[in-house]
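Undergrad: Single-letter residue listing:
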Amino acid sequence: MDVSWFLVLSAFIFCIGAAGVMSRRNPLVVLLCLELMLNGGNLALVAFARMHGDGGGQIFALIVMVIAACEVAVGLGIIVAIFRRRLPVDVDELSDLRG
Amino acid sequence: MWFEQLMFFLAGIGALGGAVGVVALRNPFYSVLALVAHLIFLAVLFLLLQAEFLAAAQVVVYAGAVMVLYVFVVAYVGGSDEPLRPEGGALRVLGPMFAFVLVVELCIALLGSSLSLIDSQGTGVQAQFGSPAEIGSLLLQKFLVPFEAASYLLLVAAVGAVVLARKRRGLEEETA
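Residue numbers (the working numbering), protein chains in the order written: chain L, 136 to 234; chain D, 126 to 301.
Since the hints were derived computationally from the structure, they do not count as laboratory data. Among these hints, one or two may not hold up.
Stretch by stretch, here's where chain D covers chain L in the computed footprint (C-beta under 8 Å, at least three residues) [said to hold, decoys possible]:
1. 167-179
2. 199-205
Between beta-carbon pairs, the in silico distance windows are [said to hold, decoys possible]:
3. Gly285(D) <-> Glu228(L): 30 to 40 Å
4. Val218(D) <-> Arg233(L): 50 to 60 Å
5. Cys232(D) <-> Ile202(L): 45 to 55 Å
6. Gly203(D) <-> Asp189(L): 19 to 29 Å
7. Gln266(D) <-> Ile202(L): 42 to 52 Å
8. Leu229(L) <-> Val270(D): 30 to 40 Å
9. Glu228(L) <-> Ala283(D): 41 to 51 Å
10. Ala258(D) <-> Glu228(L): 42 to 52 Å
11. Leu227(D) <-> Val226(L): 15 to 25 Å
12. Arg233(L) <-> Met132(D): 43 to 53 Å
13. Asp189(L) <-> Glu129(D): 39 to 49 Å
14. Asp189(L) <-> Leu236(D): 17 to 27 Å
15. Leu222(L) <-> Gln251(D): 48 to 58 Å
16. Phe223(D) <-> Leu229(L): 45 to 55 Å
Note that the structure is predicted; figures quoted are calculated from it, not measured. Glycine is no exception: its CB is placed at the ideal position from the N, C-alpha and C atoms.
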């Protein structure tokens, strides 16, 4: 099985996630699309690890999964805090920090 | 060999379908379920790349634990459908266009560049490649510092999430 197939698939997954991050308004779905982008990167890392026969790429993918879990925990905490303060759960409305 | 290719195309189509479902479904709850399906198909792809430990961790940690967190928050916040707004702004149109341009560019970069100089069939790997024993020895010998840094990062994220999401007396009454 040619490794470049996996790389093209990872590029597709990454770009679908990027489209979702830019076009969705619910912050929960934006976080899900960020997960998609990270998974696209993960697939490319594992494919390169297989290509070179080096386990370092798999460790990198494992660390990326840890980072994704941290990002989910903090992001969901922010969403719950937004909901508690009865602010709209919508990334277009939450523009107080816009310069 | 043909079995491997069949599995690749089945899992690839499943992963792409799950990804499209995450972006296209309007109810956040269904988006989470689509992401779970996407993660499981991705684990099959990891198995094809001989990353057994990573595939197991993907299913147990990601599809099992992280997604449960999502489901709880969707249930708490209320998974209401996004209203379709016609005045969505330029980003709604530019986002998919940008993603299409990005995928074309990435495919050109991946398929047309010097990547073809590398043996893309992959080198021969020994039998224990990607096994828990190999991953464990790599984590505790060669990559000990990233491993410890990741564990501290998890601790910081857990404490931060609790601090962010806890009930604040003063603020609640002030804004209510």
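Undergrad: Hints first: check each against the structure and report whether it holds.
TA: Evaluation of the provided hints:
For a cut-off of 8 Å, the count of residues in the stretch 167-179 of chain L with a CB near a CB of chain D stands at 7, and the three-residue condition holds. Closer than 8 Å: that is the beta-carbon criterion, and the stretch 199-205 of chain L has 6 residues meeting it against chain D, so the requirement of 3 holds. For Gly285(D) and Glu228(L), the Cβ-Cβ distance of about 24 Å falls outside the hinted range of 30 to 40 Å, so the restraint is violated. Distance hint for Val218(D) and Arg233(L): a CB-CB separation of about 20 Å, inconsistent with the stated range 50 to 60 Å.
A C-beta distance of roughly 26 Å is found between Cys232(D) and Ile202(L), which places it outside the suggested range of 45 to 55 Å. Roughly 46 Å separates the CB atoms of Gly203(D) and Asp189(L), a value that falls outside the hinted 19 to 29 Å. Separation of Gln266(D) from Ile202(L) is about 22 Å and departs from the stated range, judged on CB atoms against 42 to 52 Å. Checked against the hint of 30 to 40 Å, the pair Leu229(L) and Val270(D) passes, with Cβ atoms roughly 37 Å apart.
The supplied range of 41 to 51 Å is broken by Glu228(L) and Ala283(D), whose beta-carbon atoms lie about 29 Å from each other. Here the CB-CB span from Ala258(D) to Glu228(L) is close to 51 Å, well matched to the stated 42 to 52 Å. Between Leu227(D) and Val226(L), the C-beta spacing of about 21 Å keeps the proposed range 15 to 25 Å intact. For Arg233(L) and Met132(D), the Cβ-Cβ distance of about 47 Å falls inside the hinted range of 43 to 53 Å, so the restraint holds.
Judged by the Cβ atoms, the range 39 to 49 Å given for Asp189(L) and Glu129(D) is violated: they are separated by roughly 21 Å. With their beta carbons about 22 Å apart, Asp189(L) and Leu236(D) fall inside the hinted range of 17 to 27 Å. Roughly 55 Å separates the CB atoms of Leu222(L) and Gln251(D), a value that falls within the hinted 48 to 58 Å. Checked against the hint of 45 to 55 Å, the C-beta distance between Phe223(D) and Leu229(L) comes to roughly 22 Å, which is inconsistent with it.
Of the numbered hints listed earlier, those contradicted by the structure are 3, 4, 5, 6, 7, 9, 13, 16.
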